[in-house]
Amino acid sequence: MNRPAVTHINLLERKTPTLSLGAVLAAVLALTVLGLLVHGRQTVSAAWQASARNEALGQQIKDVQAKLTVISDEKAKNAQSVALRQEVEALQPRARAAQTLLSAVRNAEGGRGDDFARALAAATAVNEPGLWLTNLSLSAAGKRLELQGQAAGGAPVLRFARRANDSLQSLTLRLDSLDMQPATVVAAPSAGGTPLASSGVSFRLY
Amino acid sequence: MDWGLGSRGWTAVDCGGSASLCAVSLKTAVGAGQRPEVMAALEQPSETGAADTEALRGLLALTPRGLPQLVTLPRAQYGLRVMPEPAVPPREMANSLRWAISVDSADPSAEINLAWMRIPTEEQMPARPRHLYAITTPTATLAAQLAAWRPAGLRPKVVDIRETALRNIAAALERPGEALALVAADAEGVGFVFTHEGSLYLDRYLSQPVAELAHADEAARGRAYERIAQQLNRSIDAVHRSYPFITVKRVVVAPMPDRPGLPKWLAAQVPLPVEGLDLAQLVDMAAVPQLADSPALQARCLVAIGAALRGLKAD
Numbered sequence: 001m002n003r004p005a006v007t008h009i010n011l012l013e014r015k016t017p018t019l020s021l022g023a024v025l026a027a028v029l030a031l032t033v034l035g036l037l038v039h040g041r042q043t044v045s046a047a048w049q050a051s052a053r054n055e056a057l058g059q060q061i062k063d064v065q066a067k068l069t070v071i072s073d074e075k076a077k078n079a080q081s082v083a084l085r086q087e088v089e090a091l092q093p094r095a096r097a098a099q100t101l102l103s104a105v106r107n108a109e110g111g112r113g114d115d116f117a118r119a120l121a122a123a124t125a126v127n128e129p130g131l132w133l134t135n136l137s138l139s140a141a142g143k144r145l146e147l148q149g150q151a152a153g154g155a156p157v158l159r160f161a162r163r164a165n166d167s168l169q170s171l172t173l174r175l176d177s178l179d180m181q182p183a184t185v186v187a188a189p190s191a192g193g194t195p196l197a198s199s200g201v202s203f204r205l206y
Numbered sequence: 207m208d209w210g211l212g213s214r215g216w217t218a219v220d221c222g223g224s225a226s227l228c229a230v231s232l233k234t235a236v237g238a239g240q241r242p243e244v245m246a247a248l249e250q251p252s253e254t255g256a257a258d259t260e261a262l263r264g265l266l267a268l269t270p271r272g273l274p275q276l277v278t279l280p281r282a283q284y285g286l287r288v289m290p291e292p293a294v295p296p297r298e299m300a301n302s303l304r305w306a307i308s309v310d311s312a313d314p315s316a317e318i319n320l321a322w323m324r325i326p327t328e329e330q331m332p333a334r335p336r337h338l339y340a341i342t343t344p345t346a347t348l349a350a351q352l353a354a355w356r357p358a359g360l361r362p363k364v365v366d367i368r369e370t371a372l373r374n375i376a377a378a379l380e381r382p383g384e385a386l387a388l389v390a391a392d393a394e395g396v397g398f399v400f401t402h403e404g405s406l407y408l409d410r411y412l413s414q415p416v417a418e419l420a421h422a423d424e425a426a427r428g429r430a431y432e433r434i435a436q437q438l439n440r441s442i443d444a445v446h447r448s449y450p451f452i453t454v455k456r457v458v459v460a461p462m463p464d465r466p467g468l469p470k471w472l473a474a475q476v477p478l479p480v481e482g483l484d485l486a487q488l489v490d491m492a493a494v495p496q497l498a499d500s501p502a503l504q505a506r507c508l509v510a511i512g513a514a515l516r517g518l519k520a521d
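So the protein lines, in turn, are chains A and B. Position 26, counted from 1, in the first sequence is what my numbering calls 26; the numbers after and before it change by one each time, with no gaps. Position 123, counted from 1, in the second sequence is what my numbering calls 329; the numbers after and before it change by one each time, with no gaps.
Worth double-checking, as some hints may not be accurate.
[As the list claims (entries may be wrong)] Not the full set, but computed from the structure, chain B residues with beta-carbon under 10 Å of chain A:
id, residue
1, 319
2, 321
3, 341
4, 343
5, 362
6, 374
[What the hints assert, rightly or not] Cβ pair distances, simulated, as ranges:
id, chain 1, residue 1, chain 2, residue 2, range
7, A, 5, B, 443, 45 to 51 Å
8, B, 270, A, 30, 52 to 58 Å
9, A, 5, B, 415, 33 to 39 Å
10, A, 32, B, 481, 53 to 59 Å
11, B, 237, A, 30, 29 to 35 Å
Derived by calculation from the structure, the hints in this document are not laboratory data. Even glycine gets a Cβ: it sits at the ideal position worked out from N, Cα and C.
Let the sequences and hints guide you as you build the complete structure.
What follows is the structure in structure tokens.
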């Protein structure tokens with residue numbers, strides 16, 4: 001059987017226990033470990049917060065990139081729209097010219113019939129790039145034809161005149177006179193490109 | 207609690223019991239199976255005892271430095287009483303004891319320093335009310351003594367009493383299961399302590415100045431010894447009656463050269479084996495041969511040695 005602990009008395013009634021060097025060292029060690037634990041915890045917490053912040057920033061970057069992509073797509077769409085609008089605008093003169101020609105044809109059809117139709121077919125059968133007709137009239141009982149139009153330059157007009165005369169020869173019609181004046185011509189754009197406004201000529205063949 | 211104190215040993219100063227001061231330095235941090243080593247054992251004559259600053263300074267100058275200091279008070283400077291243990295939580299024990307002591311005190315308002323130690327009976331006699339030893343000393347007296355000791359370089363970490371010092375010696379002599387009576391004498395009288403498993407169960411002190419014996423004839427000396435023997439027998443009976451689970455099997459008599467023949471007288475009068483204390487069984491005195499060779503110095507230093515044994519771990 002173990003002997004019970006013996007009580008040693010001390011009449012000094014020490015209020016606080018005297019600490020041995022070992023106890024002091026143990027306390028210092030414990031405080032050091034505690035400090036390291038607290039510091040480590042703070043470090044881990046700071047690292048976790050930094051990581052969370054990085055993740056948030058990464059997500060923000062992704063969001064911004066996605067918005068930029070959307071904006072780029074919209075910009076591209078807008079550019080295409082602008083290009084299309086410009087192309088449409090560029091085609092407007094030709095459309096107006098075609099409309100004018102169509103109106104002229106309708107007016108002419110009201111009076112003459114086959115002669116006009118044959119003259120129109122012969123004139124429009126000639127396809128000359130860079131030239132388009134804006135008016136066609138037939139007078140003098142179908143003996144006199146007058147064509148008006150626009151072209152990028154004088155050469156297409158001359159080539160058109162020669163080929164039109166070849167085509168009109170079977171109808172005993174001939175275009176002998178040419179009036180040309182400088183004019184601004186809007187050229188049709190290439191695919192996806194911007195329409196170009198360039199100098200050209202307006203002409204009248206009769 | 208002396209947590210952390212005296213882990214290597216003590217320098218114990220005994221200020222009472224004789225017209226001299228005594229200091230013992232004991233190294234208790236020894237290997238298993240080894241005895242504590244006495245590093246110094248000194249006696250300094252002094253008429254004024256603990257108040258003799260010069261004698262104290264000279265005494266301490268011859269003791270090893272570095273050991274914590276301990277003082278045992280003269281018997282006249284403290285009170286020792288057995289009291290019922292108050293049925294209060296441990297944290298309220300001191301206040302409860304102070305109140306109980308003040309009721310019996312002639313000066314209830316006097317401030318006292320208090321210590322206590324239980325008398326273990328709860329395992330063997332659970333139905334019996336518990337008792338404890340309460341030790342008191344006037345605070346003012348102790349404070350004055352501490353102030354007087356300081357210039358001499360005596361700054362005790364512990365203030366102890368003679369009975370617990372003798373208890374430590376008896377406890378170290380105990381064999382397993384036995385109770386032991388230790389008889390020790392000083393210049394003023396003869397004291398008994400009864401221990402069991404290291405705890406103090408009974409103490410008695412019989413005032414009998416050596417000075418009276420020195421001039422006594424053989425018949426007067428015999429009557430004085432007879433009184434001591436009777437008191438010892440009554441004490442043994444008291445222990446057996448009060449603590450039936452204890453059987454005192456031996457009486458150990460410390461060296462007492464001032465009372466020649468007392469051990470033999472006791473051996474004849476007491477119905478138990480009576481043995482002389484062989485201090486060499488308890489401590490290693492190789493470093494202090496004057497102690498080993500002098501029963502008188504052993505007798506004078508017995509309380510200081512016992513007090514310094516408080517650092518010894520029980521086996």
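Evaluated hints:
1. 319: OK, holds: residue 319 of chain B within 10 Å of chain A, min 5 Å.
2. 321: Cβ of residue 321 of chain B sits 4 Å from chain A, so the hint holds.
3. 341: Holds. Min distance 6 Å.
4. 343: With a closest approach of 5 Å, the residue 343 of chain B hint holds.
5. 362: holds (7 Å)
6. 374: Hint holds; residue 374 of chain B Cβ to chain A Cβ min 8 Å, cut 10 Å.
7. A:5 with B:443: 45 to 51 Å: Taking Cβ atoms as reference, residue 5 of chain A and residue 443 of chain B lie about 29 Å apart, which means the hint is violated.
8. B:270 with A:30: 52 to 58 Å: With a Cβ separation near 32 Å, residue 270 of chain B and residue 30 of chain A fall outside 52 to 58 Å, so the hint is violated.
9. A:5 with B:415: 33 to 39 Å: holds (37 Å)
10. A:32 with B:481: 53 to 59 Å: holds (55 Å)
11. B:237 with A:30: 29 to 35 Å: holds (30 Å)
Hints 7, 8, counting from the list given before, are not met by this structure.
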